[in-house]
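At position 87 of the sequence shown (counting the first as 1) the number is 121 in this note's numbering, and the numbers step up by one without a gap.
What the hints contain is simulated information worked out from the structure, not anything from laboratory work. Even glycine gets a Cβ: it sits at the ideal position worked out from N, Cα and C. Do not take every clue at face value.
[To be verified] Have a look at the derived ranges for each label pair, beta carbon to beta carbon:
#1 Asp66 to Ala101: 15 to 23 Å
#2 Asp80 to Arg123: 13 to 21 Å
#3 Arg100 to Gly71: 26 to 34 Å
#4 Gly96 to Arg69: 27 to 35 Å
#5 Asp47 to Ala89: 17 to 25 Å
#6 Gly55 to Thr75: 17 to 25 Å
#7 Arg42 to Gly71: 29 to 37 Å
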Amino acid sequence: MAEPALARPGDLDRHFWLSRGMARTLGIRFSDVMRDGRLSTHEFTDLVNTCRGCAMSDRCVGWMARAEAVGEPAPGFCEIRGILNRLGRNRPR
Numbered sequence: 035m036a037e038p039a040l041a042r043p044g045d046l047d048r049h050f051w052l053s054r055g056m057a058r059t060l061g062i063r064f065s066d067v068m069r070d071g072r073l074s075t076h077e078f079t080d081l082v083n084t085c086r087g088c089a090m091s092d093r094c095v096g097w098m099a100r101a102e103a104v105g106e107p108a109p110g111f112c113e114i115r116g117i118l119n120r121l122g123r124n125r126p127r
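Use the sequences and the hints to build the structure in full.
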């Protein structure tokens, strides 16, 4: 049986901005969490590349437009929700 073909990663620029937008909607600023040492450059690169592999990225923009409040958890369809939710929970108040 043949191995399933891997999906081609999404556009780097698009997913950089989508991941940044999702984070900002959750009240997370990547520059702040990187400066604070809560996110390394390697983790950030992995985060964007994980986003590039998501088949649901078209839903992000709509979710960001409808998000009710800063601090709510990332949506279940988001491939980077784990790290976003962790960074959101550990955000200085």
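Status of the hints after comparison with the structure:
Judged by the Cβ atoms, the range 15 to 23 Å given for Asp66 and Ala101 holds: they are separated by roughly 19 Å. About 19 Å separates the C-beta atoms of Asp80 and Arg123, a value consistent with the hinted range of 13 to 21 Å. Between Arg100 and Gly71 the CB atoms are about 32 Å apart, so this pair conforms to the stated range of 26 to 34 Å. At roughly 31 Å, the beta carbons of Gly96 and Arg69 sit within the given window of 27 to 35 Å.
The supplied range of 17 to 25 Å is met by Asp47 and Ala89, whose beta-carbon atoms lie about 18 Å from each other. In this structure the supplied range 17 to 25 Å holds for Gly55 paired with Thr75, their Cβ-Cβ distance being about 20 Å. Roughly 34 Å separates the CB atoms of Arg42 and Gly71, a value that falls within the hinted 29 to 37 Å.
Hint compliance for this structure: no hint is broken.
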